[in-house]
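Chemist: What follows is the residue order along each chain.
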Amino acid sequence: MEIKLKLNGKAILASVEADTVLLDFLRDHGCLSIKRGCDTSNCGLCTVLMDGKPILSCSTLAVRADGHEIYTLEGLQAEAEDFVGFIADQGADQCGFCNPGYVMNTIALLRENPDPTDEEILAFLAGNLCRCSGYDGQLRGIRNYLNSRKA
Amino acid sequence: MITIQKYVRAQSLEEAWQLNQNKRNRILGGMLWMRLGKSSINTAIDLCDLGLNTIEETEEAFSIGAMVTLRDLETHNGLNSYTNGAVAHAVQDIVGVQFRNLATVGGSIWGRFGFSDVLTVFLAMDTYVELYKGGIIPLEQFNNMKKDNDILVRIIVKKAPCKVVYTAMRAQRTDFPVLACAVSCLNGEYRASVGARPARAQIYRDENKLAAGAVTEENASAFAAFVAENAPTEGNVRGSAAYRTHLIRVLVKRCMLELGGI
Chain A
1 MEIKLKLNGK
11 AILASVEADT
21 VLLDFLRDHG
31 CLSIKRGCDT
41 SNCGLCTVLM
51 DGKPILSCST
61 LAVRADGHEI
71 YTLEGLQAEA
81 EDFVGFIADQ
91 GADQCGFCNP
101 GYVMNTIALL
111 RENPDPTDEE
121 ILAFLAGNLC
131 RCSGYDGQLR
141 GIRNYLNSRK
151 A
Chain S
1 MITIQKYVRA
11 QSLEEAWQLN
21 QNKRNRILGG
31 MLWMRLGKSS
41 INTAIDLCDL
51 GLNTIEETEE
61 AFSIGAMVTL
71 RDLETHNGLN
81 SYTNGAVAHA
91 VQDIVGVQFR
101 NLATVGGSIW
111 GRFGFSDVLT
121 VFLAMDTYVE
131 LYKGGIIPLE
141 QFNNMKKDND
151 ILVRIIVKKA
161 PCKVVYTAMR
171 AQRTDFPVLA
181 CAVSCLNGEY
191 RASVGARPAR
201 AQIYRDENKL
211 AAGAVTEENA
221 SAFAAFVAEN
231 APTEGNVRGS
241 AAYRTHLIRV
251 LVKRCMLELG
261 GI
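In the order they appear, the protein sequences are chains A and S. First residue of the first sequence: 1, per the numbering used here; consecutive thereafter. First residue of the second sequence: 1, per the numbering used here; consecutive thereafter.
Because the hints were derived from the structure by calculation, they are not lab data. Cβ coordinates follow ideal geometry from the N, Cα and C atoms, glycine included. Among the hints, erroneous ones may be present.
As the list claims (entries may be wrong) - Cut-off 16 Å, straight-line C-alpha distance, at most; resulting in silico cross-link-like pairs (EDC-like, lysine to aspartate or glutamate):
(1) K133(S) to D150(S)
(2) K133(S) to E56(S)
(3) K53(A) to E74(S)
(4) K23(S) to D148(S)
(5) K158(S) to D126(S)
(6) K4(A) to D39(A)
(7) K10(A) to E69(A)
(8) K6(S) to E17(A)
(9) K158(S) to E56(S)
(10) K4(A) to D82(A)
(11) K53(A) to D72(S)
(12) K6(S) to D66(A)
(13) K6(S) to E2(A)
(14) K53(A) to E2(A)
(15) K38(S) to D19(A)
(16) K6(S) to D19(A)
(17) K159(S) to E60(S)
(18) K4(A) to E17(A)
(19) K6(A) to E69(A)
(20) K38(S) to D39(A)
Claimed, not checked - Calculated from the model, a selection of chain S residues having no Cβ within reach of chain A, i.e. all distances over 12 Å:
(21) E14
(22) S40
(23) A44
(24) G78
(25) Y82
(26) D93
(27) E130
(28) Y132
(29) K146
(30) L186
(31) E189
(32) Q202
(33) N219
(34) N236
(35) E258
Claimed, not checked - Example chain A residues on the side facing chain S (calculated, C-beta under 10 Å, incomplete):
(36) M1
(37) E17
(38) P54
(39) C58
(40) E69
Chain S extracted, bound-state conformation (with noise of 0.2 Å):
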C-alpha cells in the first residue's frame, strides 16, 4: 500500500529533478511495481507533460522517452525491424496488453530489476541511457550504479551493426521469466545478456572467441558453457541456482543456433 500526499506534473526537467532530490519524493513510471510496495510517498512526480512517450528513429540511433510504454516497443515498426522482433518478443509476455500500456521503459530500466525482460535485451544491443545530470552513458555501466535521485529521460539504441535473439524461459505464459536470454552480435562480438539470474541481467562477452567466424553446434555449445560457468545464479520460488545454470546452458545455445540461422 503506497499513500501520496501530492502530485506534481512536472513542467520541466529541471523542476522535476529539484522535486526528486527530496527523498520523500518519487518519480512515477507506470505505477505498477511501485505501488505493490509499502511507502508513504510526499509528492509523486509525473513526467508526462514533458514529450518522453515518442519513439525517435534517425539513420544513427533509436531515441525512446522514458515514458514510452512497453506496448509502444512491442509494436514499433522501426525498432522491430531492426532487432528482428526482438524486443516485442522479450516484452509481449509480460502480463498483459493493459500492463504493457502503462509500464514505461524508464520505470523498467531505473528499476534494474532482477525479473527484467526489458534490461536483458536492451543490455544485449549498443545502448545508452540518458540521465538529467550525468549525461550520455552505455547501459551497461548505469546498469551497476546504485540508485540516486538524477533522472533517466531516454533510452538510446545505435544502430551498430547488430542482430540479437531473445528467449526466456517462463513457467506460465504471463509470469515472470525464470531466466531471461538475449544474445547478439555487435560489430562481429557475440555476447550475451543473462537476466532473471534472479539478480539484474549482465552482459558476458565471447572474450575468448570461442564463436568466432560462422556459428556452429559447437561453438555454439561452447559459448554458451563459458557462459553457465561464468554467470552466478541463485535459486527463488521459480527455479533452483543450479536449474537456472542448466537453463542458461539451453537458451544461450538456442539463441547462438538461431543468429546464425541454424
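This is chain A alone, in the form it adopts within the complex (with noise of 0.2 Å):
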C-alpha cells in the first residue's frame, strides 16, 4: 500500500505491508532512537508524536499514518535540549534505552501541561517503563528544569 505522510516535518510517500507496524516503518526511514523494548504495548519505548500526541508506534500499523504526520526524538531535538540535561544531571538516564521514549513523552507532557505537578508528571509518564532507576531522577530532573524556567 503506499501512503502518505510527514515525518519531522518532511512529506514523505512510502510503499508498506498492510501489517507494518509503524515502529519498523521509521526505523526504516532513519528513525533509530524508536526502540523496541516489551512490544506489547506496556513500555514506552517506541513513543511517537501523531498529529502532536503521544502514541506507541510499535502498536500502531504504519498504513494509519497514511494522512498524518509523526515526530519523533530526531525532529524534535531543539526542544528536547530545554530539559534533557536536567534528566542526565540526575544521573537518571543510566543505561539510556528508555529514554527516548521518556523525552518524548516529557515533550507531549509540557507541551499539554506547562507546569505540572509531581503526581501529574507520574500519572503522564506512568505509561514509560525503566529499568534502572526508581524514577525518582526522572522526576528530579523534570522538577529542576521546571523550577529553573520559573527562576
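Given two chains presented individually in distinct reference frames, assemble the corresponding complex, making use of the accompanying hints.
Modeler: As C-alpha cells, this is what we get:
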C-alpha cells in the first residue's frame, strides 16, 4: 500500500505492507531513536507523536499513519535540549535505553501542561518504564527544569 | 503475532459491515489487545474515516463514537462533570497516556473483556450501544450477548439523574485491576457494577432496597455484603476468588460511602 505522511516535517511517500507496524517503518526511515522494548504496548520506549499526541509506534500500523504527521526525537531535538540536561544531571538516564521514549512523552506533557505538579508528571509518564532507576531521578530532573524556568 | 493481508479504510458503515461478514476479516479498534493474539487476518477494516472519533453532548445524552479514545474519555469536561470524574478515574490508570491515545471505547466495549475498567463504569450508568444492524440496545443487554458480525457504532449515555463512583484495586498502578467496581444511584436505585471478577462486569441491583434512603455505614455494608454474596468470582494470577469476594465487600462499601458523601 502507498502511504503519504509528514515525518519530522518532511513529506514522505512510501509503500508498506498492510501489517507493517509504525515502529519498523520509522526505523527503516532512519529514526533509530525509536526502540522496540516490550512489544506488548506497555513500556513506552517506542513513543512518537502522531498529530501532536504521544502514541505507541509498536502497536500502530504504518498504514494508519497515512495522512498524518509523525514526529520522532530526531525531529524534536531542539525542544528536547531544553530539559534533557536536567535529567542527565540527576543520573536518571543510566543505561539510556528508555530515554527517547521518556523525552518524547515529556515533550507531550509539557506541551499539554506547561507547569505540572509532581503527581501530574508521574501520572503522565506512568506508561514509560525504566528498569534502571526508581523513577525519582527523572522526576527530579523534570522538576529542576521546571523550577529553572520560574527562576 | 498477527498477519494482515489487506487494509481497508471503510468509507461507509455498510461497506465495513459487508466486509465484516467474512470471518477472516476484522474491524480494528486501537489494535492493542488484538495485536497480542495470534491470528491471520484477511482484511483489516478501519473505521477511522467515518467520523466516529467525537463525543457529542446534548441536553439529554452523550453520544460517544466507537473510535473515541480512552484519553478522550479521560479529558472530556462534559462527561467528567456529569460523572463527577468517575469516567476519568476509570481509565486514567490504564497503562499510560500513549496507550490511551490509541485504545478506543468501541474496542473496549465490543471486547467485553473481563478486565475492563471501561465496561465496568459504563454499566453503572444509563448506557446504550448503537449497533449498525442491531439498533440501539441497553449496554447491559449487549454485555450478555454473544459476539457476532455487527458493528458497534457508538455508546450513548443518557443523562438520567445519576451519581456514580468508580474504584479499582490494582497490585501496581498500571496493571490490570484485581477488581473493578462502579456504584451508582440511578433514578433513585442503587446498582453496583463489578468487573475483573475476573469475568466480564455484571450489574447487581439493590432489589431488596437495602440501601434505601440516605446512605449510612450500616446500609452501605448491607448492600456491599449483598453484592459480594451474589457476584461470582474466580481466581487467577492476580488474586484468588476469596480475595476478590472480600474486595467486593470493601470496594462496594467505599463507593457507597463516597456516593453518600460520608
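Chemist: Let me make sure I understand: some of the numbered hints might not hold for this structure. Which ones are they, in numerical order?
Modeler: Hints 2, 6, 10, 14, 22, 23, 26 and 40 are the ones this structure does not satisfy, whereas the remaining hints hold.
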